[in-house]
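All chains, full assembly: derive it from the sequences and hints.
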Amino acid sequence: MNISVGSELPPIAYTPSRVQLFRFSAVTWNSHRIHYDEAYARSEGHADVVVQSTLRGEQLLGVVRSWLGDRGEIRSFEWRNLLPAHPDQTVTCRGTVVALDGDLVRITLEARGPDGDVVTSGSAWASVVATGR
Amino acid sequence: MSIDGVEQRLLTAVGSSSTEELGVLNRRDFLRYALAAADDDYVATTEHVPLDERAAAPVMFLPGILHWTAGPHERELRADGLAARDAPGVTDEDVNVMHGGQRIEFHQRAIEGMRVVARRELCTVDRKQGRGGDFLVVVNHTRFLDEAETLLATVDDTILVLGR
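Read top to bottom, the protein sequences are chains Y and D. Take the first sequence: its letter number 26 is residue 26 in the numbering used here, and every next letter is one higher. Take the second sequence: its letter number 95 is residue 95 in the numbering used here, and every next letter is one higher.
Simulated from the structure, these hints should not be mistaken for lab results. Any given hint could be a false lead.
From chain D, some residues computed to sit far from chain Y (all C-beta separations above 12 angstroms) [to be verified]:
1) D4
2) Q8
3) L11
4) T19
5) V24
6) E53
7) R54
8) R120
9) E121
10) E147
11) A148
12) T150
Residues from chain Y shown here face chain D by an in silico Cβ test under 10 angstroms; the list is partial [what the hints assert, rightly or not]:
13) V27
14) N30
15) H35
16) A39
17) E73
18) E78
19) T96
20) V97
21) G122
Glycine included, C-beta positions come from ideal geometry on N, C-alpha and C.
As C-alpha cells, then:
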C-alpha cells in the first residue's frame with residue numbers, strides 16, 4: 001500500500017434518502033423528531049428533516065474504511081458537524097493523508113454539501129499493514 | 001434566557017456517572033445497523049461469515065447506537081421526541097438539543113456474543129456565544145467494556161443545547 005503525506009483517499013458521495021433516515025433512527029432507537037417530522041424540523045428552524053449526526057460520522061469514516069479495507073485498523077476518529085445536512089442532498093466525503101508515524105497514518109476528513117460548503121469535518125488515525133509504503 | 005436553568009442543572013451534575021448494561025451483541029443487529037448506514041462492504045463480508053464463527057461489529061456500532069434498553073413509553077418523551085436520558089438536565093425548557101460530533105478511540109473490536117457495558121460520565125458544560133445567542137456545549141464520556149472489563153472503545157459525545 002503506497003502512502004505518502006498528501007495522498008488523497010478516493011472520495012465517496014452519499015445521498016441519504018428519507019427511508020435511510022427512518023431506518024437509521026429505527027436501528028439506533030433515536031426518536032428525535034427532527035429526523036422524521038418535517039413540520040417539527042421546520043419549527044426548530046431547519047429547512048427539512050435532518051440527517052442524523054452519527055450517520056454523518058459513519059459517512060465521513062466510510063472514506064477511511066473503504067480505502068483501508070482489510071489492510072489495517074481504524075484507531076481513532078473525531079468529527080463535528082458544522083452545518084445541517086438534509087435527505088436527497090448529495091454530500092461528498094474526502095480524506096487526505098497528513099502525517100505518517102510508524103505504521104500509523106493520520107487522515108483529515110471533510111464532507112461538502114451540494115453548495116460546496118464544508119458540512120462536517122474530522123480526522124482519523126489508522127494503523128496500516130506495511131506493504132511497500 | 002431558557003438555557004440558564006439547563007446550565008445550572010447540568011453544572012451540578014458534572015462528574016456524575018452511571019453504568020448501563022447493553023446486553024449481548026448479535027449479528028442481526030450488526031447487519032441491520034450496517035444496512036441502515038449503507039455500509040455495503042460490511043454487509044457483503046459479514047453475510048458470508050459462517051454461523052459458527054463470531055462476526056465483528058461495524059466499527060461505529062457501539063458509538064452509533066443511541067438507546068440500548070427498551071427505552072421510555074411514548075408519553076414519556078419530550079415534545080421533540082427525545083427521551084429524558086438523551087437530554088439530561090433538560091426538562092420542559094424551550095430549547096433545541098442537537099448532537100454535534102464525537103471523539104472516539106477504538107481499543108478492541110466488538111464481537112458477536114460479547115456482553116457489553118457502558119460507563120457514562122457527564123464531563124463538561126461550557127457556555128458559548130453564537131450568532132443566534134448563547135448555547136451550551138455538553139460533553140459526555142462513555143467507556144464501552146466487555147464482561148472481562150476489557151476496554152473496547154471510549155467516546156466523547158458533544159451535545160449542543162440552544163435557546164429557541
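**Report entry** Interface hint status, Y/H35 versus chain D (Cβ within 10 angstroms)
**Finding:** Because about 8 angstroms separates Y/H35 from the closest Cβ in chain D, which is inside the 10 angstroms limit, the hint holds.
Query raised in the report: Was the hint right that Y/V27 lines chain D, CB cutoff 10 angstroms?
Result: holds, 5 angstroms
Report task. Would you assess whether D/L11, listed as outside the interface, keeps its beta-carbon beyond 12 angstroms of every beta-carbon in chain Y? Result -> Holds, because the least Cβ-Cβ distance between D/L11 and chain Y comes to about 23 angstroms, which exceeds 12 angstroms.
Requested in this report: Examine each Cβ of chain Y, and state whether all of them lie more than 12 angstroms from the Cβ of D/T19.
Outcome: holds, 19 angstroms
Requested in this report: Evaluate the condition: distance from the CB of D/E147 to the nearest CB of chain Y exceeds 12 angstroms.
Outcome: holds, 22 angstroms
Report task. Would you check whether the claim that D/A148 is not at the interface survives, using Cβ distances to chain Y and the 12 angstroms cut-off? Result -> holds, 20 angstroms
Query raised in the report: Is the shortest C-beta separation between Y/E73 and chain D less than 10 angstroms?
Result: holds, 7 angstroms
Query raised in the report: Is it the case that D/T150 keeps its Cβ farther than 12 angstroms from each residue Cβ in chain Y?
Result: holds, 16 angstroms
Report task. Hey, is D/D4 genuinely clear of chain Y, shortest beta carbon separation above 12 angstroms? Result -> Fine: 20 angstroms to the nearest Cβ keeps D/D4 off the interface.
Query raised in the report: Against chain D, is Y/A39 within 10 angstroms by beta-carbon distance?
Result: violated, 12 angstroms
Query raised in the report: Given Y/V97 was flagged as interface, is its beta-carbon under 10 angstroms from a beta-carbon of chain D?
Result: Hint on Y/V97: violated, closest Cβ of chain D at ~19 angstroms, above 10 angstroms.
Query raised in the report: Can we keep the Y/G122 interface hint, with Cβ of chain D closer than 10 angstroms?
Result: Hint on Y/G122: holds, closest Cβ of chain D at ~8 angstroms, below 10 angstroms.
When the structure is compared with the earlier hints, violations turn up for hints 16, 19 and 20 and for no others.
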